[in-house]
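S.K.: The lines below spell out each chain.
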Amino acid sequence: MHAIVCIKQVPDTTEVRIHPETHTLVREGVASIINPFDTYAIEEALRLKERHGGRVTVLTMGPAQAREALKEALALGADEAVLLSDRAFAGSDTWATAYTLAQAIRRLAPFDIILCGKQAIDGDTGQVGPGIARQLKVPQLTYVCRLQEFDPAAGRIQVERLLEEGREVVACSLPALVTVVKDINQPRFATFMGVRRAARAQIPVWDAQSLPDADPAFFGLGGSPTQVVSIFQPPAREGKVTMLVGDTPADAAACLAERLLADRVI
Amino acid sequence: MSELTVDTGLCTGCGACVDACSFGAIALVGGIAQANERCILCGACVEVCPAEALQAARPTPDMVGESGTDTYRGVWVWVEQFQGQAGSISWEMMGQGRRLAQDLGVPLTACVLGHNVQHIAAQAIAYGADRVFLADDPTLATCRTEPYAAILVRLVQEHRPEILLLGASARGRDLAGAVATELHAGLTADCTGLEIDPDTRLLRQTRPAFGGNIMATIICPTHRPQMATVRHRVFETPLPDTRRTGQIIAVPAVLAEEKIAVRVADFIHESASLNLADARIIVSGGRGVGGPEGFACLRELATVLGGALGASRAAVDAGWVPYAHQVGQTGRTVRPDLYIACGISGAIQHLAGMQTAKVIVAINQDPQAPIFHVATYGIVGDLFEIVPALSAEFRRRLGRR
Numbered sequence: 001m002h003a004i005v006c007i008k009q010v011p012d013t014t015e016v017r018i019h020p021e022t023h024t025l026v027r028e029g030v031a032s033i034i035n036p037f038d039t040y041a042i043e044e045a046l047r048l049k050e051r052h053g054g055r056v057t058v059l060t061m062g063p064a065q066a067r068e069a070l071k072e073a074l075a076l077g078a079d080e081a082v083l084l085s086d087r088a089f090a091g092s093d094t095w096a097t098a099y100t101l102a103q104a105i106r107r108l109a110p111f112d113i114i115l116c117g118k119q120a121i122d123g124d125t126g127q128v129g130p131g132i133a134r135q136l137k138v139p140q141l142t143y144v145c146r147l148q149e150f151d152p153a154a155g156r157i158q159v160e161r162l163l164e165e166g167r168e169v170v171a172c173s174l175p176a177l178v179t180v181v182k183d184i185n186q187p188r189f190a191t192f193m194g195v196r197r198a199a200r201a202q203i204p205v206w207d208a209q210s211l212p213d214a215d216p217a218f219f220g221l222g223g224s225p226t227q228v229v230s231i232f233q234p235p236a237r238e239g240k241v242t243m244l245v246g247d248t249p250a251d252a253a254a255c256l257a258e259r260l261l262a263d264r265v266i
Numbered sequence: 001m002s003e004l005t006v007d008t009g010l011c012t013g014c015g016a017c018v019d020a021c022s023f024g025a026i027a028l029v030g031g032i033a034q035a036n037e038r039c040i041l042c043g044a045c046v047e048v049c050p051a052e053a054l055q056a057a058r059p060t061p062d063m064v065g066e067s068g069t070d071t072y073r074g075v076w077v078w079v080e081q082f083q084g085q086a087g088s089i090s091w092e093m094m095g096q097g098r099r100l101a102q103d104l105g106v107p108l109t110a111c112v113l114g115h116n117v118q119h120i121a122a123q124a125i126a127y128g129a130d131r132v133f134l135a136d137d138p139t140l141a142t143c144r145t146e147p148y149a150a151i152l153v154r155l156v157q158e159h160r161p162e163i164l165l166l167g168a169s170a171r172g173r174d175l176a177g178a179v180a181t182e183l184h185a186g187l188t189a190d191c192t193g194l195e196i197d198p199d200t201r202l203l204r205q206t207r208p209a210f211g212g213n214i215m216a217t218i219i220c221p222t223h224r225p226q227m228a229t230v231r232h233r234v235f236e237t238p239l240p241d242t243r244r245t246g247q248i249i250a251v252p253a254v255l256a257e258e259k260i261a262v263r264v265a266d267f268i269h270e271s272a273s274l275n276l277a278d279a280r281i282i283v284s285g286g287r288g289v290g291g292p293e294g295f296a297c298l299r300e301l302a303t304v305l306g307g308a309l310g311a312s313r314a315a316v317d318a319g320w321v322p323y324a325h326q327v328g329q330t331g332r333t334v335r336p337d338l339y340i341a342c343g344i345s346g347a348i349q350h351l352a353g354m355q356t357a358k359v360i361v362a363i364n365q366d367p368q369a370p371i372f373h374v375a376t377y378g379i380v381g382d383l384f385e386i387v388p389a390l391s392a393e394f395r396r397r398l399g400r401r
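If you read the sequences in order, they're chains A and B. Here the first sequence stands for residues 1 to 266, numbered as in this note's numbering. Here the second sequence stands for residues 1 to 401, numbered as in this note's numbering.
Think of the hints as simulated: they come from the structure by calculation, not from any bench. Hints may be right or wrong, so weigh each one.
[Unchecked claim] Lysine to aspartate or glutamate pairs mimicking EDC-like chemistry, simulated, CA-CA at most 16 Å apart:
1. B/Lys358 with A/Glu50
2. A/Lys49 with A/Asp79
3. A/Lys49 with A/Glu149
4. B/Lys358 with A/Asp263
Use the sequences and the hints to build the structure in full.
M.R.: In structure tokens form, the structure reads like this:
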């Protein structure tokens with residue numbers, strides 16, 4: 001069994017602050033982390049390996065420091081890691097990112113499953129997973145909250161997808177691409193031995209030349225249909241809080257009910 | 001070349017660009033600014049550079065090698081339906097689609113895919129479509145990526161619309177990602193603003209990023225169609241007009257059942273109180289609720305108000321409420337008319353998921369809780385006294401209305 005996990009190194013957006021004058025993100029001192037949704041993808045791949053044998057490869061695209069995210073995944077138990085890094089990949093939008101990752105995955109083939117987080121917390125698009133699936137012409141199962149069945153010998157997978165109205169149970173053939181939501185598992189912590197092993201690991205860096213079958217016109221900005229033209233701070237929430245007080249909870253509740261009915265939100 | 005160029009003779013190494021970059025894409029190397037792979041050429045650094053040492057060269061249409069964008073005409077909306085019922089996001093998009101089509105002077109087309117969904121095609125016209133492509137086939141009964149994408153891709157290739165909108169729901173994002181990949185179209189996720197630039201006819205798509213900390217406006221100059229997924233409940237639902245007329249064009253399914261890899265085995269419905277995306281009212285609980293049994297009074301209030309039950313990450317991680325209820329960065333982003341936060345302190349991850357609600361009520365014992373900074377109304381007190389009192393009050397008032 002070969003599972004490939006695509007991860008992204010992101011700034012810990014919970015620490016991100018907006019500079020009061022320049023209105024841009026203050027990144028100084030903000031830690032880089034593995035995208036939280038990707039940690040569930042890594043965990044799911046490790047569990048598949050424990051159950052079925054085989055190996056787990058983690059893949060990321062980014063600058064040299066993204067190596068740290070890969071080391072973290074190796075410390076958790078992944079077997080191999082590949083860093084896609086080249087100035088030619090700079091400025092990739094989700095289309096070019098999916099294209100480049102898919103090209104790398106072709107080199108890592110054969111595989112039974114590709115796992116991704118449902119989206120990254122910096123971009124919040126959820127588009128790269130489906131993009132990779134489509135590039136590779138494998139079925140995509142997105143927003144997966146449970147892996148009911150995974151049988152690499154029979155080439156079959158059945159999952160539950162978390163949709164707005166409930167959970168959809170779907171099955172398909174392998175290989176397939178799965179994007180996962182948080183509910184799917186509880187990620188493990190790295191062991192001391194794992195961290196030591198990861199510290200010694202040599203992580204290969206693949207540049208544009210390492211993907212000879214790719215069309216370089218589809219890398220980076222050139223392959224990216226979308227352009228960011230401006231970035232601005234969201235308008236602040238208008239108004240200040242009105243504190244409601246009452247002698248009793250019932251008084252306060254009556255006062256609030258009055259306001260909400262007047263605001264026509266009920 | 002399309003990249004950020006630094007005039008090393010002009011760069012003073014002041015670091016203004018490093019601070020201005022939202023993407024962590026610039027570092028000072030040997031006292032000179034240098035961009036890395038994270039650079040998306042947004043130009044924020046160019047604006048702040050006091051030495052005018054930076055230049056962001058974007059690819060021009062010739063460099064991309066795509067042309068003929070002006071041969072694409074029309075605005076399209078994919079009408080999402082589930083078990084024969086159109087999702088509210090579909091009609092919200094139709095309102096926007098109508099406006100964009102008007103600004104461009106082009107017709108609005110709806111794409112309705114499903115089985116036994118002729119009535120939705122008629123509704124689409126009432127909500128503003130001039131034309132509907134209706135693919136009605138047993139293979140389309142539930143939304144599956146492959147057969148749905150195959151139809152949309154073929155229709156786009158045949159009819160060349162300039163804009164294609166889909167809902168930013170699980171199905172919409174799944175499908176949009178597949179279709180845009182196939183077409184090499186630009187796709188912008190989760191838009192909260194859509195405007196036509198009158199000079200260029202380009203769609204200016206605005207969306208939140210970094211957990212809502214920044215907004216980005218995105219265009220797609222050289223590829224068509226310009227695709228976007230649209231966030232729930234940002235735009236008004238237009239009033240349907242059943243007297244409107246339009247053309248319904250039946251189109252065949254593209255993939256036969258045996259060509260489709262995915263089979264839907266079952267659907268496990270959640271209670272009506274779950275659909276957070278569509279909910280007008282959400283009653284949400286956090287750490288202050290204290291345990292699974294504490295949610296009973298929140299559920300009761302949600303039922304009285306006809307709303308959905310939400311929860312903070314703390315409550316979900318403690319196992320008090322299933323994950324499907326989680327609001328916030330690693331849960332769902334919601335935009336109800338009314339959000340009642342009970343015993344939720346207001347961590348930034350939670351605020352990212354709900355701070356665009358129209359009215360926010362915070363009920364918390366700690367008057368210093370950050371949730372009060374975004375709240376419209378606040379009550380400091382014991383939620384186990386106030387929430388039941390609210391249920392009683394609304395039961396009385398709504399019963400009498």
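S.K.: Regarding the pair B/Lys358 and A/Asp263, is the alpha-carbon distance no greater than 16 Å?
M.R.: holds (10 Å)
S.K.: Holds or violated: A/Lys49 and A/Glu149, Cα atoms, limit 16 Å.
M.R.: Holds, because 14 Å separates the two Cα atoms, which is no more than 16 Å.
S.K.: Can you confirm whether the C-alpha distance between B/Lys358 and A/Glu50 stays at or below 16 Å?
M.R.: Violated, at roughly 47 Å.
S.K.: Are A/Lys49 and A/Asp79 close enough, with their CA atoms no more than 16 Å apart?
M.R.: Distance of about 10 Å is within 16 Å: holds.
The earlier numbered hint that this structure contradicts is number 1, and it is the only one.
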